[in-house]
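**Q** Residue numbers (numbering that gives the first Met the number 0), protein chains in the order written: chain U, 0 to 465; chain A, 0 to 465; chain F, 0 to 465.
These aren't lab readings, by the way, just hints derived from the structure by calculation. Careful: at least some of the hints might be erroneous.
[What the hints assert, rightly or not] Where chain U lies over chain A, by a calculated footprint (3+ residues, C-beta under 8 angstroms):
#, region
1, 86-100
2, 333-339
3, 359-368
4, 387-399
[Claimed, not checked] Okay, the calculated bits of chain U under chain F, using three or more residues with CB under 8 angstroms as the criterion:
#, region
5, 187-200
6, 356-365
Every residue, glycine too, gets a C-beta built ideally from N, C-alpha and C.
Listed here are the chains, written in short residue letters.
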Amino acid sequence: MLHPDRLFPVDPSVRALARSLYDQTQALPIVSPHGHTDPRWYAENQPFPDPAQLFVVPDHYVFRMLYSQGIDLTQLGVPRVDGGPTETDGRKIWRLFAENFQLFRATPSRMWLEHAFEDVFGVSKRLSAETADEIYDHISDCLQKPEFLPRALFERFNIEVIATTESPLDELKWHEMIRQSGWNGRVVTAYRPDPVIDPEFEGFATNIERFGELTGEDATTWSGYLAAHRNRRAFFKSYGATSSDHGHATARTENLSADQAKALFDKGLTGRITPEEADAFRGHMLTEMARMSLEDGLVLQIHPGSFRNHSAGIMNRHGRDKGFDIPTRTDYVRALKPMLDAVGMERDLSVILFTLDETSYSRELAPLAGAYPCLKLGPAWWFFDSPEGMRRFRELTTETAGFYNTVGFNDDTRAFCSIPARHDVARRVDAAYLATLVATGRLEEDEAAGLAHDLAYGLAKKAYKL
Amino acid sequence: MLHPDRLFPVDPSVRALARSLYDQTQALPIVSPHGHTDPRWYAENQPFPDPAQLFVVPDHYVFRMLYSQGIDLTQLGVPRVDGGPTETDGRKIWRLFAENFQLFRATPSRMWLEHAFEDVFGVSKRLSAETADEIYDHISDCLQKPEFLPRALFERFNIEVIATTESPLDELKWHEMIRQSGWNGRVVTAYRPDPVIDPEFEGFATNIERFGELTGEDATTWSGYLAAHRNRRAFFKSYGATSSDHGHATARTENLSADQAKALFDKGLTGRITPEEADAFRGHMLTEMARMSLEDGLVLQIHPGSFRNHSAGIMNRHGRDKGFDIPTRTDYVRALKPMLDAVGMERDLSVILFTLDETSYSRELAPLAGAYPCLKLGPAWWFFDSPEGMRRFRELTTETAGFYNTVGFNDDTRAFCSIPARHDVARRVDAAYLATLVATGRLEEDEAAGLAHDLAYGLAKKAYKL
Amino acid sequence: MLHPDRLFPVDPSVRALARSLYDQTQALPIVSPHGHTDPRWYAENQPFPDPAQLFVVPDHYVFRMLYSQGIDLTQLGVPRVDGGPTETDGRKIWRLFAENFQLFRATPSRMWLEHAFEDVFGVSKRLSAETADEIYDHISDCLQKPEFLPRALFERFNIEVIATTESPLDELKWHEMIRQSGWNGRVVTAYRPDPVIDPEFEGFATNIERFGELTGEDATTWSGYLAAHRNRRAFFKSYGATSSDHGHATARTENLSADQAKALFDKGLTGRITPEEADAFRGHMLTEMARMSLEDGLVLQIHPGSFRNHSAGIMNRHGRDKGFDIPTRTDYVRALKPMLDAVGMERDLSVILFTLDETSYSRELAPLAGAYPCLKLGPAWWFFDSPEGMRRFRELTTETAGFYNTVGFNDDTRAFCSIPARHDVARRVDAAYLATLVATGRLEEDEAAGLAHDLAYGLAKKAYKL
């Protein structure tokens, strides 16, 4: 099912070169510095429930495409906010998925899915109405076997280290359980404080209260709030965290006075904060986080530009994160200046920028990362974590920012079985890109080999201090 | 003159594959669900006047390029607003065109023109000062022959169905005449209500009055106005319409209360409406049109983002639609939300989105169409209805929206003889794209064959209910 | 070191075609109508100091990339605003550069540098820590030889004409010295009046005073100010200028009344002008410059869209133009309308548009240049003067604007030895693009040959009247 030369250039000589570069990276361990797998899997090491629960129900890439063609989310088992009925029969969900598998043609989901089917489960037939049951049964059987338990797969996937993402309000009990278990798989957390930084987040005031309880600080005062962050960042570091992550609607930063910041924070707690003020507060907190990074060394990731939960209907019926997060135009040049003027000359700061607005690659991000020592470019993200998206990322950033202002690959996934597939796609696309540079006289072959290794492995370890 | 493998990939094996995919679609009938040909041609079935009137004078792609290099529009026979003199000698216009034919190198106009010259008229020499007269004479001769009458060409072009575009104020007399004639060519209309929806349209109040007369409603009241739309949409449906079309400056939608909408409508009628209010009114009417689509099943097309008649000088001298419509940045994410929150969950609604801002393909349009069941993506439009433009459309939308959230090809033309050429270009570009996917392991060959058929024929019929 | 077929397509038959097109242009003289080389070099004809002073210290492409990876600008010899210590040992700077040469992999800087090393200095080893001293010594030796003096290189580079860029406050003494010297190299100036047009420029009021002294006009009155421009433009024309150039933050134009313009000018002189008013004034002055172009025939260049000196820290420590100019989104459609409505129909006006926002190529610039006779598109600029950048420029503009609404290549450089390399890259990329058009049936081979010549030589001479 999987073409051995997939994603390589079509010209035979360039293809051979790409293949040889890929051959040098394909067995490298996976470093996954940013993602959303569930630490509970590694902690409990229980079998995954069934093929639908593994591949369809939790994957918004998959169910939003099916929904876009008129299949109701309840038919796909996606839970309802009101707790109302939704399909629970995995086989029925799987059949619906299989009957509509053609919708995924030429999408990255198709490639990830087939890679997992074939490489993880040994399925060699294309999924369709005809093969649905056979494949369902086969994967179901596998899932009961010890070699398909989460830790076994983790090891088989050759994961050297994986980061999960948790809220400061999380007690990291699964991480603690992993530690206690004696298993030597390396699973680290990352500090994602949106629920206690965004005054518009559901339950912000309650969150701050809980934040105080967890840290022993009076988090309802400005200084106590900052102390709580310091405290919690240290706690996260003790569970391996090397980064924080921030998913704001824009890349706006601010560098307010303490009095201004305190005033906005107080307003946020009362709920009487305007959207503009909330945005300014979030922006200021990026600068505070950058200052804390200078103290504790956590790498700061900014993931801006998603209009979250665009459909009021879906939000009401099914809640957050249901495939209706839509990218918007994002400015970085003016947005980042306050933070950069405050701390941008610091040699020890490391800020990794992501975007959902590809127009910013060559116009804003590469020029910024190609100048500021503290800035690095995260890989092509979300909708652009795809063969064409990755190719555009390289073509649009390398000439200005080079390779060494980028940070290797992130799989950024909650779909466990897609991890090897995603890293494989990235390694193939980079091999193709490097081979093309060699074939067009822009790089020597020995340099390409070194770069292939860096892009697949070295840069991620270095940028994320892993 | 025409390269048999034009627009296919250059690698020999991928080229062979593209050719084989194209071979399976090149003889398929043409489905043309959106365009601007003149129904009078099919009604009267009279000879086209002369080569200049056929290829130069009415085609703003052609005369704006000549104008951009200093040739006056009057020399090209383009009519003046003041009725002043303009060139009427077709041969003189043709010679000027021929002498400057090099300006069209590597433009889609060049490809469409040569395709028409060669395939429709059997001309095998390149147009130039030297060949101008010979080709003029040859085409002139052809135009007098019965096999070059509009209906004969329609049949020779293998057009299964073509849609024209009319204002609600149009009485559809040519469509009636076609129906009466007994000819079995299928020509349908489409409902384009800009003159009665846009308060800034010339003569808006007069248009509304006429709208009322045509429909027997008091269209100057809000409820009568809506009833007039319903009435006129039904009339258009009776002449085969399956779609409405809306050419607003932005993609803005609104979902106003009846009182708010009525107030804006009343202001529009008096002419005392601000630009912002006019924009809000147009935006609200898209939601009203969507609601009517739910009743009558017309597909709703949105063609936003053109800054119309950019040059004051050209507008004053030659009027509208003279090649000075310039694309602008267009937002869809915030713009469409009011309409989508109102009717976006309806399974039976079908809205086709177009853009003149290619940055929205991957950032906004593919994510929206890849989630909302009512949204589909129209093909690359206007300036982007070109080999590179179509390639970018596929590369930038497929990974997120797949193929089945797109609607096949629109030729969108008023240049009759370019219709086969435009569909041919689309079929070739799609064959090239599909072949590349196969060659890079992203699609199987049998899937590519099915998709080639769908993209050339099936999707247009289905999306437009033709 | 240099691959003879670099930047050509990889398919053997298309590569052969590209090579044959390139072979016809590679020996053509260099026409360099816009750039920033120092006229003093040609006037004094003294040896260049040392390899670091030639290749590193003055080249913001080079030192900003090194800085982005944590190397301090003082280590690279970049002067400080406070006159404080900075590295002066060329060899030490060179070693640091050499040790980090891998940072430039796949950047245009790498290609320009290696082209200069090999073609100008005969260096055939790759720069690295190991080869640093050997290459430094070799280039140092060369620089002392007469055949490496500026005029000798100018002749060896086969430069037919080069334009420098000067402020109206410049007395053009180096240009005068060149003229007096009897040397027949053609070096012309260009009129860059930002210091006397931008009310926010450092020392604007003082500049205007000096402007008056140099022209014998009372430049502090609106009419005297305009007269001073006319006078100074004539003076620049007498030193060969055929163009003016304008580097505003946006492409905004205005067409104010004389009273409005005068009022803004007066405010600018007092320093009590708001940013918005300053922007309006700059915009109005573009229209005034266009009017003067109609009188004196200077071609008007607009280079908008750079957020200059983005880092407050770098600006304070090292001053302007230190690699921290970051592109921003730039609108042309609304921005240019006031000027175009005022003078856009004039047949004798020539305005060349540049951009740092590649999204404007297909959406705004090509449609504008493909319609307005006065508008032409400048080549891919600054960050986009690169193989991928140039390719995107052609792919995104040609289908709508054709080739003849573009103006050939600008090297736009202050790095003298990069001039042949930059023109070579442009000729190769264009040959590759043309060959691909031929191979895909969009152009005939004889047309491609003619176009290759035009793009490399003819269009620049014509557009800039050189």
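**Q** Hints numbered earlier in the text: which of these fail when held up against the supplied structure?
**A** Numbers 1, 5 - these are the hints that the structure violates, sorted from lowest upward.
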